[in-house]
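Those protein sequences? They're chains A and B, same order as listed.
Residue numbering for the first sequence is 1 to 159, as defined by the working numbering.
Residue numbering for the second sequence is 160 to 679, as defined by the working numbering.
Calculated from the structure, these hints are not laboratory results.
Beta carbons are placed, not taken as given, at the ideal position from N, Cα and C, and that holds for glycine.
There's no promise every hint is true.
[Stated by the list, open to error] Not everything, but these chain A residues come out facing chain B in the computed CB check (under 10 Å):
# : residue
1 : Ser70
2 : Thr74
3 : Arg83
4 : Glu86
5 : Thr124
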Amino acid sequence: MEPTSEGTRACTAKVDGILERYCRKPEALVSILHDVQKEAGYLSEETITQIASGLDVPVSKVYGVATFYSLFSTRPKGRYIIRVCENAPCHVLGAKAVVDALERELGIPMGGTTSDGKFTLEYTSCLGVCGVAPAIMINEAVYGNLTPERVPLILKEYK
Amino acid sequence: MLEGCKGVREALIAEVKRQGLDKEVKVVETGCLGPCDLGPVIVIYPEGTLYQKVQVSDVPEIVEQHLLKGRVVRRLVGEAPQAGVVTYEEPTYLGVQERIVLRNCGVIDPESIEEYIARDGYRALARCLTEMKPADVIEAVRKSGLVGRGGAAFPTGLKWSFTAKAEADQKYILCNADEGEPGTFKDRLILEGDPHSILEGMAIAGYAVGADKGFIYVRGEYVLSIERLTKAIEQARALGLLGSDILGSGFSFDVEIRKGAGAYVCGEETALIESIEGKRGEPRVKPPYPGTEGLFGKPTVVNNVETIANIPPILLNGPDWFRKFGTERCPGTKVFTLTGDINNKGLIEVPMGITLRRVIYDIGGGIPGGKGFKMAQTGGTSGGCLPRELLDVPMDYFTLPEHGSALGSGALLIMDDSHCIVDIAECFMRFFEHESCGKCTPCREGTARLREIVARIARGEGRPGDLELLDELGSVMQASSLCGLGQAAPVPIKTMLRYFRDEFESHINEKRCPTGTCGI
Numbered sequence: 001m002e003p004t005s006e007g008t009r010a011c012t013a014k015v016d017g018i019l020e021r022y023c024r025k026p027e028a029l030v031s032i033l034h035d036v037q038k039e040a041g042y043l044s045e046e047t048i049t050q051i052a053s054g055l056d057v058p059v060s061k062v063y064g065v066a067t068f069y070s071l072f073s074t075r076p077k078g079r080y081i082i083r084v085c086e087n088a089p090c091h092v093l094g095a096k097a098v099v100d101a102l103e104r105e106l107g108i109p110m111g112g113t114t115s116d117g118k119f120t121l122e123y124t125s126c127l128g129v130c131g132v133a134p135a136i137m138i139n140e141a142v143y144g145n146l147t148p149e150r151v152p153l154i155l156k157e158y159k
Numbered sequence: 160m161l162e163g164c165k166g167v168r169e170a171l172i173a174e175v176k177r178q179g180l181d182k183e184v185k186v187v188e189t190g191c192l193g194p195c196d197l198g199p200v201i202v203i204y205p206e207g208t209l210y211q212k213v214q215v216s217d218v219p220e221i222v223e224q225h226l227l228k229g230r231v232v233r234r235l236v237g238e239a240p241q242a243g244v245v246t247y248e249e250p251t252y253l254g255v256q257e258r259i260v261l262r263n264c265g266v267i268d269p270e271s272i273e274e275y276i277a278r279d280g281y282r283a284l285a286r287c288l289t290e291m292k293p294a295d296v297i298e299a300v301r302k303s304g305l306v307g308r309g310g311a312a313f314p315t316g317l318k319w320s321f322t323a324k325a326e327a328d329q330k331y332i333l334c335n336a337d338e339g340e341p342g343t344f345k346d347r348l349i350l351e352g353d354p355h356s357i358l359e360g361m362a363i364a365g366y367a368v369g370a371d372k373g374f375i376y377v378r379g380e381y382v383l384s385i386e387r388l389t390k391a392i393e394q395a396r397a398l399g400l401l402g403s404d405i406l407g408s409g410f411s412f413d414v415e416i417r418k419g420a421g422a423y424v425c426g427e428e429t430a431l432i433e434s435i436e437g438k439r440g441e442p443r444v445k446p447p448y449p450g451t452e453g454l455f456g457k458p459t460v461v462n463n464v465e466t467i468a469n470i471p472p473i474l475l476n477g478p479d480w481f482r483k484f485g486t487e488r489c490p491g492t493k494v495f496t497l498t499g500d501i502n503n504k505g506l507i508e509v510p511m512g513i514t515l516r517r518v519i520y521d522i523g524g525g526i527p528g529g530k531g532f533k534m535a536q537t538g539g540t541s542g543g544c545l546p547r548e549l550l551d552v553p554m555d556y557f558t559l560p561e562h563g564s565a566l567g568s569g570a571l572l573i574m575d576d577s578h579c580i581v582d583i584a585e586c587f588m589r590f591f592e593h594e595s596c597g598k599c600t601p602c603r604e605g606t607a608r609l610r611e612i613v614a615r616i617a618r619g620e621g622r623p624g625d626l627e628l629l630d631e632l633g634s635v636m637q638a639s640s641l642c643g644l645g646q647a648a649p650v651p652i653k654t655m656l657r658y659f660r661d662e663f664e665s666h667i668n669e670k671r672c673p674t675g676t677c678g679i
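Start from the sequences, fold in the hints, and give me the full structure.
Printed below as a string of structure tokens:
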């Protein structure tokens, strides 16, 4: 979303539409946050406030839920989110070397976003593809059987 | 899917068409066949020839030689036994498997309700609705001896009977598909490979306890599972196998999907319920248990995906049939996921009570690279680590706890002798520190302190008394944490201290790593 007033208005309308789709039921909050984040990229302070008043619940409740789950973000992220698994099955098969290669190739530490706003690098919970560990996920695409050598080749697809 | 499968599928369809075989050959995208590390895998029926590591460039040869001329492409069938060709029904290393839960995975097109029905799908539901009273259904499940496959091993029939007895205007069936235990991907592959078996099992549970509404709580990361479940629900509704007055019986049942948002703790049943209610996924204090007071305060059955997948075959074939598999105390099969340092990684289903040795060496093909076996962690990151001396212990829900471990979700992480015990322990403890939800103090503080202590041992700054401290802290967490997360977090470290204590001691006392791999 562009931070222009027109962009803001469009965003407000979209969030309103999502709230309407769930009949403004507070128990649909997790689903609502999923949909809003898909539209807006992340959950900004303004959106969280709007959702809270739309559902008639305290802002703290919406913020509490938004920050509890790792798939939600209250900060803008890169266009491509690279989620790296470093859980035991990936760790055993050399995930650390893959992490090092990603950090080196992108020039950012884990948790960081490239200055052009293209890539965000972060850890993820187990992706459930341990049969092809070590694995990463770029947006919704999963890559398995990784080696440090394959990292630049995969990143090239997105650069 | 990951290793270029989509390209192979497209090439196969194009090539079959080019050779004019498209009227005789149907290319079907199935659920997982099991051997993940051999992918992409193709099975050609009727005989079931299994081709491994197929590349787009191999496709013309397979079509021309196999489909057109009836010759098997030997270079792609792997290490065949004397008999010649490895088939999917009986490949060498899948030989000791019994497929109950995975009966349809890799065999049917998961997006086709017709194919599910053709393999006796929805027959168990029809039998329940037309020939059995709800109490008979519960009795059959109780008699089968089925226990929960999510890890807690609670008797399923007993669980259902609590909810059946509870008086309420509304009851719910929840399918726990929030599979977050590292190393576990069985539920994903069941959902992707046979989604209708879950819908049928849930409907049977609903009939048994008097619930007309079900929710499947799926991890947000499982994009394909959600997609296939959504399709399956639409198909079942269209045929009147979900919805009101199913098969004219007067029984109504419908299912909705709820998407998780990335929180390991939501695999805990009360945290999962909180999440469906739109809250932070923090576990509730028990009792009351969900069976009597669950979702929106109503009586709720929460069952794991694999547990539910067992329900239709049990009702169709009877409890005595089910008891033929596995052990007396723990009947049936278990789906395991083999990960780590093992030749054949992937998904297997074997009789309950099989030994680690058989799984690793007969089915898993042993340890790669000529290295030795060091330990296996059973039950995922919250399970214990077993040394070589325990390779012959039968794996079931009652025997493994006697050795300080757990069967849990069925994840098996195999580690060879090149790994440093302290480095692995630190990896486990990082996980729990991150996933603790922070609601109760023993878990929130305990997981952080466990990680700190192990980290300083790994850095060569371990102090005398650290190992006793880890043991004591672990015991306090097990006794006082609110939910399974905090109670299980010390399990891996406690078993490592029990079986590999000398390795920790040399890190502390001699500042030396016996494997020379952890950089101390």
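Hints, one by one, checked against the model:
1. Because the beta carbon of A/Ser70 sits about 4 Å from the nearest beta carbon in chain B, less than 10 Å, this interface hint is met.
2. The beta carbon of A/Thr74 is not positioned within 10 Å of any beta carbon in chain B (closest approach about 13 Å), and the interface hint is therefore violated.
3. For A/Arg83, the interface hint holds, the least distance from its beta-carbon to any beta-carbon of chain B being 8 Å, beneath 10 Å.
4. With a cut of 10 Å, the hint placing A/Glu86 at the interface with chain B holds, because the nearest CB-to-CB distance is about 7 Å.
5. A least Cβ separation of about 8 Å between A/Thr124 and chain B falls short of the 10 Å threshold, and the interface hint therefore holds.
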